[in-house]
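Peer 1: Throw the hints in and build the complete structure from the sequences for me.
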Amino acid sequence: MTVDISLEINGTPVTGAVEPRLLLADFIRDEVGLTGTHLGCEHGVCGACTIQLDGAAIRSCLMFAAQADGHSINTVEGMAPSSEELHPLQQAFHEFHALQCGFCTPGILMTMAAFLRNEPDPTADQVRTALSGNLCRCTGYQNIVTAVIEAAKRMREDAASPRPSPIGGGHDGS
Amino acid sequence: MKPAAFDYSVPATIDEALELLAEQPDEAKLLAGGQSLVPLMNFRLARPERLIDLNGVPGLDHVEKRNGHVVIGAMTRHTTIERSSLLASEWPLLTQAITWVGHEQIRNRGTIGGSVAHADPAAELPVALAALDARFHLRSRSTDRYLGWSDFFVTGFTTALETDEMVVDVEVPALPPGAGTGFVEFARRHGDFALGGAAAVLVVDATGTCREARLSLLAATPAPVRATQAERLLVGSTLDSAAMSAAVDAAVDGVEPTGDIHGSTKYRVKLLRTMAHRALSMAATRGRNDT
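Quick note, the sequences are listed as chains X and W, same order. Quick note: the first sequence, position 81, residue 81 per the numbering used here, numbers continuous. Quick note: the second sequence, position 107, residue 107 per the numbering used here, numbers continuous.
It should be emphasised that the hints constitute simulated quantities derived from the structure, not laboratory data. All C-beta atoms, glycine included, are put in the ideal place defined by N, C-alpha and C. Treat the hints with care, since some could be wrong.
With the C-beta cut set under 10 Å, the calculated list includes, among others, these residues of chain W facing chain X [claimed, not checked]:
{"hint": "1", "residue": "Lys2"}
{"hint": "2", "residue": "Leu31"}
{"hint": "3", "residue": "Gly33"}
{"hint": "4", "residue": "Gly34"}
{"hint": "5", "residue": "Gln35"}
{"hint": "6", "residue": "Phe43"}
{"hint": "7", "residue": "Thr79"}
{"hint": "8", "residue": "Thr99"}
{"hint": "9", "residue": "Gly102"}
{"hint": "10", "residue": "Gln105"}
{"hint": "11", "residue": "Arg189"}
{"hint": "12", "residue": "His190"}
{"hint": "13", "residue": "Arg211"}
{"hint": "14", "residue": "Ser237"}
Just so you have them, the derived chain W footprint on chain X, three or more residues with Cβ under 8 Å [as the list claims (entries may be wrong)]:
{"hint": "15", "stretch": "16 to 27"}
{"hint": "16", "stretch": "50 to 64"}
Anything over 10 Å on all C-beta distances counts as not near chain W; from chain X, calculated [what the hints assert, rightly or not]:
{"hint": "17", "residue": "Val3"}
{"hint": "18", "residue": "Pro13"}
{"hint": "19", "residue": "Gly33"}
{"hint": "20", "residue": "Glu42"}
{"hint": "21", "residue": "His43"}
{"hint": "22", "residue": "Pro81"}
{"hint": "23", "residue": "Glu95"}
{"hint": "24", "residue": "His97"}
{"hint": "25", "residue": "Thr111"}
{"hint": "26", "residue": "Phe115"}
{"hint": "27", "residue": "Gly140"}
{"hint": "28", "residue": "Ser161"}
Peer 2: This is how it looks when you write it as C-alpha cells:
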C-alpha cells in the first residue's frame, strides 16, 4: 500500500505517495533530494537526522513519512536566507571551527536553531544540555558551544537592530 | 536498517482506533510517539503487520485537573509535561522526572502513554508514577477499566494491557499538603538510559517529623516497585542521617540489577543507594521548605 501525503518543506509544498514504512529521513533525502539531513544510527541516538517538525526539533529516523502529512518541516537547506548569506548559527560554526567532517552538523544546527528560539540567551551549561542529543566525534564540542553562544549573541543584536532578520522568511518560526 | 513492510491506519477517533485494534489484536500495534517502537522496528526486533497511528486522534492530549486529580492524556508529549505549570506547582515530581527523559528531540515526540505501555525498566515516568500512586485508564472495544500502577506494570517491557487494549489516560492523585518530592538519576551522558535513579515523596510536619514517605528506584528491578521497608523506617523519624542511612540500606536490600558493560551489579547497587539518598534529601528539603 502507499499513502498520499502533502506537506511543506522549507516553505515549499511537497507531495508524495509513500510506502508506510518509508522513514521521514529517507523521504527527505531520497524522494525530495534534500541530502543535507544525514542518517547515522537510525535508532534515535546520534541526532544526525534532526529536523524541525512544526518548529520542534525531532529525529526524522523515528518518524514515518506518512506521519508528516499536513505538517511543516524545516531542514538545514532552509536555514540560510540566501546563497550569499548564512544563518547566524552557520556563520558562527564556520568562524569558530565548530565542525570538522561535518556529518553531525546539519542535525546540530537544526537542534540549536530550535533551542535558541526558546533560550535566546543561554548559558554554556544550557547549550551543553541541549546538545546532549547530538553526537559529534571530531570537534570535542567545545567549539560548538562557543559558536552557539556567539550566534545567540549576534541573533539578539540583530533582533534589537532595525536590520531585517537574517533568519530567513520565518520558516523556522523565528 | 529499515522497518519491515506494514499496513498503516490513521483513525480519527478513539473508538475507531480500538475497533482497528480489536480486528488484529496480535498483529497490530498502536503508534504513539514512536520513540521506542520505531527503533525496534528499524532493528526489525518488532515487525507489526499494521500500525494504528494515534497522532491524529483528538482527546488524548491533555493535562487537566479533575476532582483534585490530574488526568494526563496518553498522547501528551513529554515536552507538554515539561512545560505544564499545573504539574510544576502541584505534581513537581513529574516535572523533575521528565527532564531526564531522553533528549529534547525525543521529548518533542515521546508520549506518557507510550512510555508506560513500553514499560522499560530504565524509563523515568513509570518510576515517578509509582511514587505518585498513579492509575491507568485502559479501554478496548468492549472494556473500560482502571488499573493501579502496581497491577499495571508486570515485569520489564510487560504490562497488564490486553492485546486489544490501549492506555487512554493516566490519573495521578493529589500529593498530601506540604509534600516534598525529589527525582535523580545517573547516566554517563545526559539523556542516555540511566544506570540508576530514584523518586521520592516525603511529608514532613511542623515538628520536623516525617509523616509519609514514598520511594521507588529506577533501573533496579524489571518493573517499578516501592521500597516499602524503607518507607516504613522513614515515617516517624526526623529524617536524620541515621534514619536516612537505614532507609537506603533497606531500599537496596535484595535488589539485584543486572550487570553489564556499563556497570556491574555491585556498582549499580551502590549507585542506587546514593540515588535513593539524594532523592530523599531533595524531597526532605523541599518538604521542610513548604511546611
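Peer 1: Look at each hint and say if it fits the structure.
Peer 2: These are the hints, each one checked on the structure:
With 10 Å as the threshold, the beta carbon of Lys2 of chain W comes within range of chain X, its nearest partner Cβ sitting at about 7 Å, so the hint holds. For Leu31 of chain W, the shortest C-beta to C-beta distance to chain X is roughly 8 Å, which falls under 10 Å, so the interface hint holds. For the restraint placing Gly33 of chain W at the interface with chain X, the shortest Cβ-Cβ distance is roughly 8 Å, inside the 10 Å limit, so the hint holds. The interface hint given for Gly34 of chain W holds, since its Cβ lies 5 Å from the closest Cβ of chain X, which is under the 10 Å cut-off.
With a least beta-carbon distance of about 6 Å to chain X, the hint placing Gln35 of chain W at the interface is held under the 10 Å criterion. The criterion of a C-beta within 10 Å of any C-beta in chain X is met by Phe43 of chain W, whose closest approach is roughly 7 Å, and the hint holds. Hint status for Thr79 of chain W relative to chain X: holds, with the closest Cβ pair at about 7 Å, below 10 Å. Against a cut-off of 10 Å between C-beta atoms, the interface hint on Thr99 of chain W holds, since the closest Cβ of chain X lies about 9 Å away.
A distance limit of 10 Å between C-beta atoms decides the matter here; for Gly102 of chain W the minimum to chain X is near 7 Å, and the interface restraint holds. Hint on Gln105 of chain W holds. Least Cβ distance to chain X is approximately 5 Å, under the 10 Å limit. A least Cβ separation of about 6 Å between Arg189 of chain W and chain X falls short of the 10 Å threshold, and the interface hint therefore holds. Because the beta carbon of His190 of chain W sits about 4 Å from the nearest beta carbon in chain X, less than 10 Å, this interface hint is met.
Contact between Arg211 of chain W and chain X, as hinted, is not supported at the beta carbon level, the nearest pair being about 35 Å apart and thus beyond 10 Å. Evaluation of the Ser237 of chain W hint against chain X yields a violated restraint, the C-beta minimum of about 35 Å exceeding 10 Å. Remark: the stretch 16 to 27 of chain X is confirmed as covered by chain W, as 5 of its residues place a Cβ nearer than 8 Å to a Cβ of that chain, reaching the required three. Counting residues of the stretch 50 to 64 of chain X whose beta carbon lies closer than 8 Å to any beta carbon of chain W gives 10, which meets the minimum of three for the stated coverage.
For Val3 of chain X, the condition that its CB be more than 10 Å from all CB atoms of chain W is violated, with the nearest at approximately 6 Å. Consistency note on Pro13 of chain X: stated as away from chain W, and its beta-carbon is indeed over 10 Å from all of that chain's, at 20 Å minimum. Chain W leaves Gly33 of chain X outside its interface by the beta-carbon criterion, the shortest separation being 19 Å against a cut-off of 10 Å. Not every Cβ of chain W is farther than 10 Å from the Cβ of Glu42 of chain X; the closest lies at roughly 5 Å, contradicting the non-interface assignment.
Consistency note on His43 of chain X: stated as away from chain W, yet its beta-carbon is not over 10 Å from all of that chain's, at 4 Å minimum. For Pro81 of chain X, the shortest C-beta to C-beta distance to chain W comes to about 25 Å, beyond the 10 Å cut-off, and the non-interface label holds. The beta carbon of Glu95 of chain X sits about 25 Å from the closest Cβ of chain W, which is more than 10 Å, so the claim that it is off the interface holds. No beta-carbon of chain W is positioned within 10 Å of the beta-carbon of His97 of chain X; the least distance is around 23 Å.
Here Thr111 of chain X does not stay apart from chain W, with its beta-carbon only about 7 Å from theirs, under the 10 Å limit. Not every CB of chain W lies more than 10 Å from the CB of Phe115 of chain X, the least distance being 7 Å, so the non-interface label is violated. With 10 Å as the threshold on Cβ separation, the claim that Gly140 of chain X sits away from chain W holds: the shortest Cβ distance comes to roughly 14 Å. For Ser161 of chain X, the non-interface assignment is confirmed: its Cβ lies about 29 Å from the closest Cβ of chain W, beyond the 10 Å cut-off.
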